[in-house]
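**Q** Work out the full structure, taking the sequences as your base and the hints as a guide.
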Amino acid sequence: MAPLEHYIILSCILFGLGIIGFLTRRNALILFISIELMLNAVNLMLVAFSTFKANINGQVMVLFIFAVAAAEVAVGLAILICLFRQIKTVDICRINLLKG
Amino acid sequence: MEKYIFLIPLFPLIGFIINGLFGRWLGKGVVSFLGCMTIGFSFIVSFFTWIELKSLPVENRVLEQVLWNWLTVGDLKMQLALMIDPLSMLMILVVTGVGFLIHIYSTGYMAHDESYWRYFSYLNMFVFFMSMLVLGANYMVMFVGWEGVGLASYLLIGFWYKGNENADAGKKAFIVNRIGDFGFVLGLFLIYITFGSLSYMDVFPKALEMFHGGELAFNSGVLVAICLLLFVGATGKSAQIPLYTWLPDAMAGPTPVSALIHAATMVTAGVYMVARSNILYSLAPDALLVVGIIAALTAFFAATMGVLQYDIKKILAYSTVSQLGYMFIGVGVTAYWSGIFHLMTHAFFKACLFLCAGSVIHAMSDEQDIRKMGGLAGKMPITYLTMLIATIAIAGIPPFAGFFSKDEILWRAFTFPYYPVIGKIIWVTGTIGAGITAFYMFRLIFLTFHGEFRGTEEQKKHLHESPFSMTLPLMILALLSFAGGWLGVPHVIGERLGHFPNILEQWLHPVFAASEEIVEKMAVVPNYPVAVEWGLMAFSVAVATAGICIAWYIYMRRGADLPQQLAQEYAPLYQLIHNKYYLDEVYDYMVVKPVYYLSIVLWKVVDAFMIDGIGVNGPGWLVKRFSAGVSLLHNGYLQTGGAFVVLGLVAITCFFIYW
Amino acid sequence: MSTPILTYVTFLPLLGIPFILAVPQGDRDTRGIIKGIALLFSIITFFASLRLYFGFDPDAQGFQFKEQHDWITQYGIQYHLGIDGLSFWLVLLTTFLTPITILSTWRAIDHRVKEFMISMLVLETAMLGTFVSLDLFLFYVFWEVMLIPMYLIIGVWGGERRIYAAIKFFLYTAVGSLLMLVCIIGLVYFHHEQTGEITFNLLSLYGTGLPRLYEILFFAAFALAFAIKVPMFPFHTWLPDAHVEAPTAGSVILAGILLKMGTYGFLRFAMPLFPEGSAFFTPLIIALSIIGIIYGALVAMVQPDIKKLVAYSSVSHMGYCMLGLYVLNQQGVEGSILQMLNHGISTSALFLLVGIIYERRHTRLIKEYGGIARVMPVYATVFMIITLSSIALPTTNGFIGEFLILLGTFKAGKIMAALAASGVILGAVYMLWMYQRVFFGELTNPKNFNLKDMNLREVAYMLPLLILVFWIGLFPNFFLEKMHPSVNRFIAQVAVEDVDAMPPALRNAEAAEKGKHSVEEACH
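Residue numbers (our numbering), protein chains in the order written: chain A, 1 to 100; chain B, 1 to 659; chain C, 1 to 524.
The hints are simulated quantities; they were obtained by calculation from the structure and are not laboratory data. Here the structure is a predicted model, which is why all the values come from computation and not from measurement. Hints should not be assumed to be uniformly reliable.
To be verified - Chain A is faced by these chain B residues, among others (derived, beta-carbon under 10 Å): (1) T245; (2) G641; (3) G642; (4) Y658.
Ideal Cβ placement from N, Cα and C applies to all residues, glycine included.
**A** Listed below in C-alpha cells is the structure:
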C-alpha cells in the first residue's frame, strides 16, 4: 500500500488544480467542475486519513460531502440555467451584479 | 375688612375674564359698564378698607390676607397673600381711583373702536395685575403683578396691532422690561438666600434684627447687591437710564393707556418697590447713591429731550421719564414719603395731561404733531383749562400739587444725609431740570392752544370739545392736580398757615419709621435754618417761572422764526438732543444687531456647519467614504471573491503553521 | 398583591390593536372608526392612570404600585414595575397627551391610518413602560421599542426630507443606547462580582460600589444616551430635523414625552446609579446646560420656520431641566421635574398650534404669515396664552418651573443663575418676535384672507392644555407635593458627601432592604 504521503500529495495536487481552475477559467461550467475537483481532493484526503488512522469518521464525512456536493451541483446548475436564460451567457466575467 | 381685600383685585379679574371671553357678543354698553364698574367696585372696597385702616392704632395699621399656599418646596414657603398698610393703601387708592376715571374717559375715547371689548378686557387685566403688585404681601406676589402689568402694557401698546411699529413698540416694552425683571428676579433670589424668606413681614424685621445684631454690616456688599439688582428691575419698569427707551415708543398705544399705564400707575411701580424696600435701601447707602445719581441724570436728560419733540404724546412721555427721575431722587435720598408724594401728585397731573392730550388728538382727528395745532383754546375750553392747571402743577408753581411734592424732593436732596455733597449736585441738576420742565410744558401749551391754527381745513371743521364722559375725568383730575399737594404741605409752610399738618407724611410714617431711625443712627441729618428752606423754595419757583417766561418769549412773543434760528445756530446740539442722544441707535448697534448676527452665525456656522455638518454628518460621511473604498474590493466578479477565499485559506494555514 | 394597575395602564393601549386590525382599511368611514378606536383606548388608558392618582401616597418615600415577577430567571431579569414621585407625573403626562395627540391627527393623517394608529398605541405602551420599569433590562427593552414606532411615524407620515430625519433620529439615539447597554451589562457584572447575585433589579443595583474609573465611564455612557434624548447641547441637531419633518402628532409626542425620557433617565438611572461619576461630570453638564439655554434661544430667534423655532426653544427649555437636576437641591430638582411637565404641556401645545395652521396653509414659514390675528382671533388668543406660558410669565406654569430652577441654581452659584436667567430674556425675544411676525401687522398674503379659525375639535383638545397651564401656575403645590419625599430621597442618593460617609450598601435604605430580601431568598 502506498504511503500516506502519496495520498496527501495527490490530494494537494488535485486541490491546487481545482483552485487554479476556479480562479482562471471563465466558463461557469468549468468552475463547477473545478469545485467538484476540490471537493473530491478533500474527499480523497479524508478517506486516506480514515484508512490510515483506522477511524471511520472520515469516511462518514465523505458520504456527507457527496450528498452536499450533489445538492450543490443541482442548485448551482439550476441557477446557471436561469442565468443563461436571462443573459444568454455563462461567461463569469460578464456577470457582476453583486458589485458593491 | 381684611377678609375682603381679595375683592380689590378680584373685581377687575372678573371684568377681564367676562369681557375677554364674551365681550365680542356683549355689546358696547355692557362691556363698558362691566369694565368701569368692576374698577369702581374695587375703588369702593379700597375706600372702605381705608376707613378701616384709619380706625386702627397707628402702629397696627397692617391688614393681611392669605389666599392660599402657593409654592412650598423645601425651605421655600410662598403664600399667595395680600397685605394693606398705609403705603399700599395710598397706592391702591391712586390705582383704582385714577384707573376708574380713565376707564370712564375710555368709554368716550374708544367709542368708535372695533375691538372695544378687547380694550376693556386688557385694561381690566392691567388693573388686576397692578393691584396684585401693590397689594402683594411678598416679593413673589409683587413680581406676579410686576410681570403681569408688563404683559398688559405689551398688549395695550400693540393694541392697534395692524401697524407694525405699534407691535414693535409693544415688543420693545416687554423685552426691555424683561431685562429689568432679570435683575429683579436675581434680587429676589439674593433676598431669599440672605433672609430666608420673601415675605415683607419676615424680610424687613429680619434685616433690622441682623443689622442690630451685627450679622449684617451697614452698607455691606450683599445689601448693596440686593438693592442694585432690585433697582435694575425698577429702571426697566419705571423707565430710568439706561432702560428708558421703551417708554417714548410706548406712546403708540391708545392715549388713555398712556395715561393710566405709562404715566400714572405702572411706571411708578419701581418707585413703589424702592419705597417698599426702604429698610434695605436705608441700610445700603451706596445703592441709594446709584439710585440718586441715575435718577438725577434721568430727570435732567429726559427733560432736555422733551424740549425738542413735536409729538404731543412724546413730549409727555419724556416728561414722564423725567418726573419718574424726580420720584427716584426722592426715594434715593431716603425721603421715601416724598417720592410717594410725588408719585401721587404726578398720577393726578400727568393723567390729566395725557387725557387732555387725548382729547386734543381726538378733536384733531388723530393728529399728534403740535406744529399742526395752535389756537385750540377757544374751541376746547374745558380741555384747555384743565390742561393748563395740570401744566402749572407739573411746572411747580405754588399752590398747585406739583410744587409741594417736587419741592419736598429737592429740599430733601439738598439735605441728603448720607452723601451731602452729592445731594447738593442732585439738587442743582433737579432744579435745572425743573426749569426745563416748565419751559417745555408751556411750549406745549403755547403751541397747542395759542396762536393761529396750523392744521388742514378738514381738521378745522372737525374741531370740537370732547364729550362729557371725557371731560368729567379731566375736571376731576384737574381739581386733584390743583389741590392734591395740600396733603403734604411742608412744615415751614404749615406752621405759617396755623399748624396745617403734613397729612401724607404722618399717614406714611409707620412704613418709613424704621428707615428714619437707621438714617439718624448712621448719618448726621443736616440741620439748616428755616431761611435756607424758604430760600430754596423761592429759588425753584423763580427757576420755573423763568422757564415759563422763556417759553412765552420764544413761542408767543417772537413767533415761529426764533426756534428755527436757534436750531440752526446750535445745529450739533440740536441734532444730538433731537435724536434723543442717539441712544436707540447705540443700542441697536451695540446690542440688537450683534445679538442678531451672532445668532445667525451660531445657526449657520456653529449649528448647521460645525455640529451638524462635521460632528454628526461627518462620521456618517466617513463611514460612507470608507465603505466606498472597501466596496471596490467587492467588484462582483466571482473569481475575485474566490481569490480572497484562497488568500484567506493561505493566511489561516500560515497562521497555524508558523504561530 | 392587589390589582396590577401599572400593568393595566402600560398595556391597555396595545389592547386596541386587535380591534384596529379587525377594521378593513379603506374609505373615509373606516378611517374614522380606526381613529375612534385608537382614541377610545388612549382615553381608557388615561382614566386607568387616574386610578394611580387616587391611590398614590404622597408621603411614601419608596416606590408604589410595585409589581415584581420573575421573567428570565437565569439572568435575574424581572418584570418589575413601580412608580414614585419622580415618575408619577410623567406617567400621567403620557396618558394625558396621547389622546390629545390622536385627536389632533383627525384630519392631518389620511393615508395608512391603521398603521399610524397602531404605531401611536405601541409608542404609548413603550413610553409608559420606560417610565415604570424598575428593571434595567426591561427598561432597555421599552427604551428601544419606543424608537421603532417613532421612526416609522417620522419616516412614513413625515414631510419632504422625512427619510433623512428618521434615519438621523434613529441612528443618533441608537448609538447612545448601545453604549448604555454595554454599561448596563458591565454594571450587572460588577454587581455580580461583589454580591454573587446576577440581577438587573434597579433597586439592588443602586447600592453597587464601582471603582471610580468605571463609575465615571459608565456614567459617561449612560449620560450620552440620555443627553442625546434630552437633547443637550451639542447633541441636539437631530431634534430640529426630526421635529420639522415629523407630522404634528409625532412632534407633539417627541417634544412632549420622548425628550423627558432623557431627563428622566438622568433622574432615575444615570445619577443615582453612579453618584460619583455624576459628581465628576457635574461642572461639564452644568456648563452644557447653560450653553444650551442661551444657544438654543439665540438660534431659535433667527429661524425662518416656526416648527424649527419651537424645536430650538425645546433645546433651551430642556437646558433648564438639566440645570435644575444638577444643582441638586430640592428647589432645583422639583423645579426641573415640574419644568418637564411644563415643557410637555407648553411645547406640545405649540406644536399642536403650528399643526393647526399647517393643516390650513401647508407651510410653516413665518414670512408666509402676518396679521392673521384678524382672521383667526381665537387661535391668536390661544397661541398668545401658550406663548406666555413658554416665556414663563407668572401665573402660568412656565414661571413656577423656571423660578424654582433658577432659585435652586442661585443657591448653587450666583453667576450660573445669572447666565441661565438671561435665557428668560431671550425667550421673550424669540417668542414675541415670532408672534408678532405671524399675528400682527397688516394682513398682506392673499392666501391668508380666508383662513378658518379653530374649530370645535381643535378647541376641545387645546382646552385641557390651557387649563393645565393655569392650574400649574396657580396651584403648583398640587403637583409638587407628590414629589417631595422622592426628591428628598433622590438628593440623598446622589449627593456625594453622603455617599462617602456611608458604606455603599446603605446608600439607599430601600436597596439595603432589598438586599436583605435577596439574601434571605438565597438562604431558602
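**Q** State the violated hints by number, sorted upward, taking the hints as numbered earlier in the document.
**A** 1, 4
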